[in-house]
Structure formats: structure tokens, C-alpha cells
Amino acid sequence: MTLLETTSAAVISTQSVSRKPRRWGTRLGWSVTIGAILAFLYVPIAVLVLFSFNTSRSLSWPMEGLTLDWYRKLAGNEQLIEAVGNSFYVATCSTILTLVIGVPAALALDRLSFSGKGAFRKLVLLPIALPGIITGISMLILFRMVGFTLSLETVIIGHATALLAVVVTQVYARLQRLPRSYEEASADLGASGLQTFFFVTLPNIRSAVIGAGLLSFTLSFDEIPVTFFLTGRDNTLPMYIWSTMRRGLTPEINAVGALIVAFSAVLIVLSVILMRDKPGAR
Amino acid sequence: MTAGVVKRARLRQFLVLSPPLLWTVLFMFVPYAILVVYSFWRAQFPLAVPDFQFGNYIEIFTDPQYLNVLLRTAKIAGLVSLLSLLLAFPYAYFLVFKVRKPGLRLTLYMAVVAPLWVSYLLRAYTWKTILGTEGLLNSFLMSTGILSEPSSVFLYNQTAMIITLTYVFIPFMVMPIYAALEKIPPSLIEASGDLGEGALATLAKITIPLAMPGIVAGFTMTFCLSFGDFISPILVGGPDGLMIANVIAAQFGAALNWPLGSALALVMLVIVLGIITASDRFERLGQARLS
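The listed protein sequences correspond, in order, to chains P and X. Residue 279 in the UniProt record's numbering sits at position 279 of the first sequence, with consecutive numbering throughout. Residue 219 in the UniProt record's numbering sits at position 219 of the second sequence, with consecutive numbering throughout.
No lab work stands behind these hints, which were simulated from the structure alone. Just so you know, these numbers come straight off a predicted model, no measurement behind them. Be a bit skeptical, because a hint or two may be false.
[Unchecked claim] If the Cβ cut is set under 8 Å, some of the chain P residues that face chain X in the computed set are:
{"no.": "1", "residue": "Leu38"}
{"no.": "2", "residue": "Ala39"}
{"no.": "3", "residue": "Phe51"}
{"no.": "4", "residue": "Ile96"}
{"no.": "5", "residue": "Phe114"}
{"no.": "6", "residue": "Val124"}
{"no.": "7", "residue": "Pro131"}
{"no.": "8", "residue": "Ser138"}
{"no.": "9", "residue": "Leu140"}
{"no.": "10", "residue": "Leu142"}
{"no.": "11", "residue": "Thr218"}
{"no.": "12", "residue": "Phe229"}
In this text, a Cβ means the ideal position worked out from N, Cα and C, and glycines have one as well.
Input sequences plus hints: build the corresponding full structure.
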């Protein structure tokens, strides 16, 4: 899968394409097509946010009036607040874990040669296209056999495993663009392997590591298929929302949704700023 | 190189490699292996007993309900990929070849990728509120006079699922197609025009063939992701909308037949791996032909 490798490069590179003069009609045609696709992408999100301000309990159009009541309700919802806390705990731990395992894995894939490397690569990258349900149930059976009680910690292990592929592909793509001469020079100048890693390699792949970390955090925060099978009594935020949805739809869910949209927007802006290569950095 | 240096290099290699290796063996290889073993077990109260029998697989391949669900899942995943392609290709094409300003191009690209950061569950949920009897679509159609009373035909069927899954997974189609189109040298397209080919002929003979690796990667990704989904079917799918992942999840829940669930999961795994391998082959073939 070259998918994640190519996307980060695609965001950054910008090439100009020369064109022939176009007719007015084709221009209109393009505008309508692109506008329709953007509407398909954003009308549902707008609807989600808009309904969170609805005075009525039902989610029917037209809205009856505007209110902030649903947000006030959220502030007093202890289960929800606990779920948010759980999600922060799970996402933080699994992101740290997946970086601690994923960065060395990417280094090993790029810089080392060892027997079984092909199999190792396949295994590590598998979850990127593998339905989460397979990771979820296979780990559920393992934990059951070993006699682990399901908890937020088993969820963390599951997330770290499922997200490993994301970190490895992003960091690996950056490592491939990093000339080996840097590390060789560092070693020639007498630096130890650890010194080279922390003072030469890591600063050069920093933006990829931060980007991969942010992405894993978001994905873990939002994860359902693995969490569904591995969680015990404690709920993460998506699992809490899922269980409320099955009880009935209220604008309260939309209010949570609107807050998540706002939070995601902040993260996106943050990641675009952080991922942007500084001039001079490779 | 002295023996000491070699030894230290070995040690370093070992230290770099062992955490990820240990983790992948313990939490990926072992669970997958257990899944295989478990699929030959027999369900028995309270859960399952060790055995080596093919009953679970025989049940899957002889009971038509499982084959039907598999075929339905493949059909829905295929239609989702196709619809995503039909929307994503023009969009990516426009971005690469028609947008002149790099800033606008980045913004439009991010506009497609950004929804990935918004909760998957909520993106599926919002379609439930749009397509429902009291939802936006019904109200809109009634206000324009197309419908006289709210209709329930929009929600709880396969069409609703295809729309929802397309909405959720379309970024995975746009990203690789965009990357593939961006690699095409504009001079090739100009040359085709200079040689008298029309815009459509250029598209069919130059652009699409060269974008094929991206199209195949996107198709593979959206297909596999839709194939394994079990959230959207519950939210917007109807009685005829259950997919294979729902059947698997049920075996680990109410139906309580873990061995059968494991066997079903392995069938799913083989199908998904088969598709990934085929798409990998194709990509390599394409690269060999181009170079």
C-alpha cells in the first residue's frame, strides 16, 4: 500500500500545470460538478451542527427555533464526561505506545536488513486495509485465552496494534527521503547509535512523527470496531455515543458532534501547520 | 571493522528491532494464528471446546444465508467503490489540471481529506437524520411539492447504505487518484492535444491509463473498508442490509458461536487479502510497463 506515503507528499507538492484557454460552458460545468461534490461532503456536517441548536427534541426540518439547551445538558452529563476522559486516556496511551513501537519498526524496515523482513513488513502493514473487526475479534480471543479481563487497557493494546501501520507508513516515507549520509557522518564523528538517533535522525523526521502521532490520536479517539470487542465496563466516547444512538436520536448527540467537529477543525489546522516543512529542513 | 564494532552494530540492530518484532508477534501473529485454530473448534457451553473439524466451514459454504450475505456485502462494497470513483476522479482531475493557484488546490484537497478527522460514527449518523421520514430530504421534497407526504423509502435500505459508505470512505479514493494524476507530466497531455487528439480521447488514452495505479489503490481501499463495515448497516441499513461483519459480530455477541465467527472472519480475511494481493500485482505490473 503506497496510499499513506503518497498522500503526505501530495499535500505538500504543488506543481503548476499550463492549460489551454477554455470555453465559458466547460468552466460552468466544472464549477457545478465541484460544487455538487463539496455540497455532498459538507451539507451533512452542516446539518449535524445545525440540529444541535434545535429547540425541538425531534430532528425534523424545518427547525423550530434556536437554543443552547443541548450544550447545557451535555455539561451536566456525567457519563458523557467520563467517556470523554476515557477516550483521552486511551488515545494518549495508544498514541505513545504506537510511536514507541512504530518509529523503530519504520527504522528497521528502512535501514536494517534481516531475515524475515518481508514477512515483518506485511504483518505490520496489514491492519491498514484489514477490517478493524478482524483485529478486534482475534485479540478478543487471545485475551480470553490468556485470561485478561477486558478494560480500557486492553483497548489501548488493540488501538496501538491497529494504528501501528499508520505510523510506520508515514515515518517510513519520510525516512526514505532522508539521506543516509547524515547518519554516516554522525557515526564517523564518533556519535553513538542513540546519539545519532536523537540528535540527527529524529529531528529530521520530526514533522512526520508529529503528524503520525496526531493522526493516530484522532483515529484512536474515533475508533469503534476494535473498541467494540475489547472494552470492558468502561466506555470510550464513540462507544458512549453509539449506545445513546441505539436508545433514540436527540439533538444532544448533535451537540456532541458539533463539539467534535470544532475540535477536529483545530487539530486539522494544527497538523497542517506542523506538517508543513520548514525551509531548509529535509 | 573490528569484532567489537560488529558486535555493537548487532546489539543496536537487536535493540531497534526487538520491540516492534515482539509486539507484532505477540499481538498480531499470535492472535491471527489463534483465530485460525479457533475456527476448527466446536461451540459448546459456556463458549467453545478444542476440536479439529470442518463443521464451521461446511456450514458457511452450504448454508445459503452466509453465501447470500457475502455476495450482498461484495455487491454493496463494489457499488460504493464505483460511486466513490465516479465522484473522486473528476474532483481530483479538476484539482490537478484545472486549478492554477497552489493555495486553492491545497484548500480543495484538504476539503476532501478533512472529514476523515471528524468522527466516522457521526458522519454515518448524520445521514440517518437526513434520510429519515422527518429528515431534511423529505422536508425538502415536500416543500418543493414533489412529495405530498413524508416517505420512508430513503432510509433503511441498501441505497442508504451505499450513499452513507460512499460519503464516509470517499477520501480514500481521492487521495491515491490525486497522487497518481499529479505524477503525470503536463507535457504528455499537451502533446496529445498538439497531435490533434480531442479532450476525451486524451482522457481515455493518456490520463486514465496513467492514473490507473491510483484508481486501483483507491478502489481496493474503499472496497476493503466497506466490506468490513458493521456500523453503517445498523444505522442506515434495513433488514436486507446486513453485511458479513454484522454476522461475525453477532457470533461474538448474542449468537455466541465464537468458532463459527472465527471461520467467517477468516473467510473475510482471505477475500480481503486476495483483493490486496491482486491490486499489488497490478500496481507492480503497471510500474514495470511504464519504466
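Comparing the hints with the structure gives:
no.: 1; hint: Leu38; result: holds (6 Å)
no.: 2; hint: Ala39; result: violated (11 Å)
no.: 3; hint: Phe51; result: holds (7 Å)
no.: 4; hint: Ile96; result: violated (13 Å)
no.: 5; hint: Phe114; result: holds (7 Å)
no.: 6; hint: Val124; result: holds (6 Å)
no.: 7; hint: Pro131; result: holds (2 Å)
no.: 8; hint: Ser138; result: holds (4 Å)
no.: 9; hint: Leu140; result: holds (7 Å)
no.: 10; hint: Leu142; result: holds (4 Å)
no.: 11; hint: Thr218; result: holds (5 Å)
no.: 12; hint: Phe229; result: holds (7 Å)
Violated hints, listed in ascending order, are 2 and 4; each of the other numbered hints is respected by the structure.
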